[in-house]
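S.K.: Here the structure of chain F is known, so what remains is to put chain H with the ligand in place on it, guided by the hints.
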Amino acid sequence: MEKEKKLEILRLLQENARRSPAMIASMLGVEEAVVLQVMDEFERDRVIVRYSAMVNWDKVDERRVTAVIDVKVTPQRDVGFDAIAQRIYRFPEVSSVFLMSGAYDLQVVVVGNHIREVAQFVSEKLSTLEHVNSTTTHFLLKRYKWDGVIFDDGEQDQRLVITP
Amino acid sequence: MKQLKSRLSPVVENLPPSGIRRFFDLASEMKDVISLGVGEPDFVTPWHIRDASFDALSRGFTSYTSNRGMSQLLEAIADYLMGYNLHYDPDRELLVTVGGSEAIDLALRAMLSPGDEVLIPEPAYVSYRPCAALAGGVPVAVPTRWEAQFRVSTTDLESQLTARSKVLVMCYPNNPTGAVLSETDLQELATFCVQNDLLVISDEIYAELSYGGKHHSIAEQPGMRDRTVVVSGMSKAFAMTGWRIGYAAGPEDILSAMLKIHQYAILCAPVMGQMAAIEALQHGEREKQRMVEEYDRRRRLMVEGLRSVGLSCHEPQGAFYAFPDIRSTGFTAEAFAEELLRQQRVAVVPGTAFGEAGEGFVRCSYATSADQIEQAIQRMGHFLTEL
Ligand SMILES: Cc1ncc(COP(=O)(O)O)c(C=O)c1O
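These protein sequence lines are chains F and H, in that order. Read in my numbering, the first sequence has 135 at position 135, and its numbers run on one by one without any break. Heads up: take any position in the second sequence, counting from 1, add 1000, and you land on my numbering.
Chain F with its partners taken away, still in its complex shape (with noise of 0.2 Å):
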């Protein structure tokens, strides 16, 4: 198959994860055992790495925090930023890690049961981390889009169900 139509799988699975491989098949042109495979190949490859909803957990969850720490560190010979980024990466209260260019280095997204557990693990485990320099705690306030999806959106088809 060629590279786009295989691109286009990925599309239709990121942006609806339940569409069955039959109606990907239709959408696309191809047999479904076409797709099938390609979804196995790239679950090998880990190129599709989990199914999974996108949750709006502000409606369920009153408790819920998430904090986004910038952090500096400093990196190590032959490692570079990986190993202080496992270290960060590998406590699960840890939900994302990015290595990012400008004024600091990493970004830590945490999320917690309440303020009072983030800044327990800010203190605790993050900063006192060996090669961690600086830690700075961003709480995040309310979340109107992400990952391409607005949440709470008030746009609504507006048009009337017959038209010529």
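A few of these clues could be false.
As the list claims (entries may be wrong) - Mimicking BS3-like on lysine-lysine, the simulated pairs with C-alpha atoms at most 30 Å apart in a straight line are: (1) Lys3(F) to Lys1288(H); (2) Lys6(F) to Lys1214(H); (3) Lys6(F) to Lys1288(H); (4) Lys125(F) to Lys142(F); (5) Lys3(F) to Lys1214(H); (6) Lys59(F) to Lys1031(H); (7) Lys72(F) to Lys125(F); (8) Lys142(F) to Lys72(F); (9) Lys5(F) to Lys1214(H); (10) Lys72(F) to Lys145(F); (11) Lys145(F) to Lys1288(H); (12) Lys1288(H) to Lys5(F).
Don't read these hints as lab results, they were simulated from the structure. Nothing here was measured: the structure is a model prediction, and the numbers come from that model.
M.R.: Using the frame of chain F, we list chain H with the ligand on its own:
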């Protein structure tokens, strides 16, 4: 007091009521309807276009514009048409209208004398017939056939041609059938029009939604530029139906006549819409492409779905409609649409809303999300197995 004269024009009184009105009323009353009956994009106008129009408003663009349209827009249209190998002088051969709708009306009014016949290949978009009649013309249906994938042929036209035939109104990619014409079809039609001295109104509003290769206009054919008014607009390609911006392109004499009517009857197209259209034509390519790709995926889903529940369906090559054959069910198009709506709450439009040649077919729009199409197909499957 005794009324001697009817208060209404007989032409208007004799216009048949819209074929979709009753379905509209019926469907509007029902809950949980999945509508495949909508003839406009489900996308909201791309954000950059809306954003540009906020900006235009805040800069005070709230007045009339020149009758023909804003020069920046006329130039953008001329540039855009060049992409289709069509060359028009923005100052003399283009006109910005209130939707393609107004352009169709103007062209017919500019061309017709009382009694002139207007050839309309059917199934056809609903406005051609009444507009021709209102302009004093006589609409003449030219039935096209399923076997020919609803592409009009010179033989079809020949059968309805008379000494009074003056105008051919054609629409490819077609609403409601999704048909497009081949290069050969266009050549043959062009020769026929030149031979029989027919003017052509070519409604190319769905040109951007062509799935099997780039759209070609009949105006490109030898001898045709001078006898063709190309009608198009922003509505379908850029998801801008509510902005009401369309345009006409054609030879100067006809365009000047159209401009004359437009300047008295309409004055100008809305400035807000014109500003938005400029943004769309100059920077809208990427978003347009994204929408076209999405329609294309849904098109396959729709056709495969309809076939999987047992309906024959040509693969539409343009627009966003599939036009399946429902004759095997024994229903008329109208009864099929009504029963499907009542039993399964899926709205489709009976082919007869687009002329008698639409009997035996229904129009299913795929300007709706893939997930809705899936569901609609499932419901149609239930409907058909329970027959
Ligand atoms: C074939 C065709 N022509 C013209 C129009 C009118 O479009 P507008 O007036 O929005 O440009 C439509 C709208 O549905 C159409 O389907």
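S.K.: Find the hints from earlier in the document that the structure breaks and name them by number, from lowest to highest.
M.R.: none
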